[in-house]
Amino acid sequence: MKQYTVTQSQLINPDTLLLTVRPKHAKDQLLFYPGQYAAIGFKRFGRPSPMRCFSIVSSPNKAQELQFTARIQGNFTCSLAELEPGDDVFVRGPFGNFVIDEQYDRNVILMAGGIGITPYMSMIRFATETQLPIPITLLYSYHRQEEIPFFEELRYHEQHNPNFRALFFVTKGTAAAPKGSKVLQGRIDEARLRQLTGGHFGRFTYFLCGPKGFVESMRRMVTTNGADPSRVVSEEFTPTSPANAIAAAPQHTIPRWTYALTGASLVLAAGFFMALDVDRALERAALAAPASSTTQQTPGSSTAGTSQTPTSTDSTASNSTPVPTDTQPPMMYQQPMTSVS
Amino acid sequence: MNCYQREHKALGSTVLLTIVTTENAAHAASIFDLLIERIAAFEHQFSRFREDSELTAFNRRAGKRTAVTPAMHQLLTAAKTYAERTHGLYNPFILPALQRAGYRSSWPSPQDTTTIDYTERHVVRIDALQIGDSWARIPADSALDFGGIGKGYLLDELADMLADKNIAGYWLSLGGDIVCAGQDMDGQPWKIGVQDASDPGRTVHTIVAASNTRTAIATSGVTKRKGEQWGRPWHHLIDPRTGKPADTAILTATVVCASGTDADIYAKAVAIGGEVPAKKWIQAGQIRLCILQTVDGARTIEGGS
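One line per chain: the protein sequences are A and B, in this order.
Under this note's numbering, residues 1 to 341 are what the first sequence spells out, in order.
Under this note's numbering, residues 1 to 305 are what the second sequence spells out, in order.
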């Protein structure tokens, strides 16, 4: 577990958080490949949160800081969004094999849907910084142009990396392409892909990232047109994605013998109290037997008979008499009355 | 037919839950547990007296665009809608003024709660509340409070939860705000007393609720949650237009509406705004009935009066 400190927390569009963290010590620096992800956790009211996985957005060349992007849509990400500069976070990782192999992948098409852009940002930043000699084309589908995360930055990379180009597809609202960029109305479709690849689908390595439906439809589109399935690499952003594969990590390492002793003591204690209960119940049954010679009273029946049962289902009960309540003893029925709240 | 009732302390007041059903007590207990669980969750999320509530976290981030949960988003949207509908007589931004007036801790258990000081902040207009798809923002020098809407809003949620529970009738009270439907144990419509503003042991009016539809009743006024600060009396009914405790001749205003949220909001708006807006809202059908109590006695306003 590596210890980091939040240096910046900002919303890059209404529901997307960009969290920047810095390692507390040099030994905490994470070494990763662009495209990998890591698990993040934090302390809330002194207790460790579960750990959730998020793609690393920053470039591995900038080891002094890590950036994660998360869509804010649940308790965890809402809490994550509340972190402020100076707060501690814990990082585990890196994980995943969603990475470009420079020897194998000689011509790359990155296809992103929604927040699926995040692992690509690390790849694209890294490619610009190192002037990676691999042609990379990004096809990015998003609802509205004005909400596209990293839009300006992606345009910057287009201008500073001759091997990189980006095409944006907006499915809602109006597409308006600023000078030097391509923003198209509609979804990523076969015709557009055929145009890009020159019909030679098999010459490219495809990276697919986004919602499950998006990934599946893109996979179908490229493989049915001749792409080599081994060159179609995908990462889905779904509840069953690797993000959930890592459970909450304990903050401290506890030796196994501690667990063993704790377990044994629990078993012994449970056995002791069960024996005590049986003993008491038998004693009570023996005392009750002479008083009810014709009926057999089972242990505990006297209490079971009164608990949570209306003591009176008196049909004549008016609103001023005690009414059955679900708690013992019955309380006096209170009349509805409105008063200053 | 059995009538079950449970009393509970929450939201700084007494919660009374009553249901009439043919089912047994265990069934009733499971329903009460469900309702109380929801009340606790609501309080945990929206109390301004809790350090760890979403509302407190939201107020801490005043000035910044803040991600909100769907429940918070809905409540914010409702608060904004009602503030606009009442032309500012209800305003969720009155918290700093409320604290400056003296109402700082949860009532009646100040020792159980935390006072988070917002007295340095300001009351702003509802236009300042920005609500996005899953985020919201308030001005940096303001603070939100759901005290004026929360109970009514929660009552509607609780009533919705009872829809498929095989219940012949119910009435639920959150500190005097009531929502009811169906019939009592004798098959009669529920009869709700209106507490006398001058003598809490007496009622000045009895409202007979329609049994075939939901009825919500709320009372607001200056007779409760009051005190003295720096030698000057204060009460919790803040007039958003002045930022000070309302200067009103009305001791209490009781309204009957179709939903708990309506009742909660309009009771306060009428207590502050008086008879004129009350008549307007009655004509518009937003209030079914209104009972105003002043030092001269109680007066009922209905459609046409």
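If you're looking for bench data, these hints aren't it; they were derived computationally from the structure.
Ideal placement from N, C-alpha and C gives every residue a C-beta, glycine not left out.
Check the hints yourself; a few may be wrong.
[To be verified] Derived coverage of chain B by chain A (criterion: at least 3 residues anywhere in the stretch with Cβ under 8 angstroms from a Cβ of chain A; other residues may be distant):
{"hint": "1", "segment": "5-18"}
{"hint": "2", "segment": "65-71"}
{"hint": "3", "segment": "82-95"}
{"hint": "4", "segment": "129-140"}
{"hint": "5", "segment": "176-187"}
{"hint": "6", "segment": "213-219"}
Okay, the hints, checked on the actual structure:
no. : hint    : verdict
1   : 5-18    : holds (count 6)
2   : 65-71   : holds (count 5)
3   : 82-95   : violated (count 0)
4   : 129-140 : holds (count 4)
5   : 176-187 : holds (count 7)
6   : 213-219 : holds (count 3)
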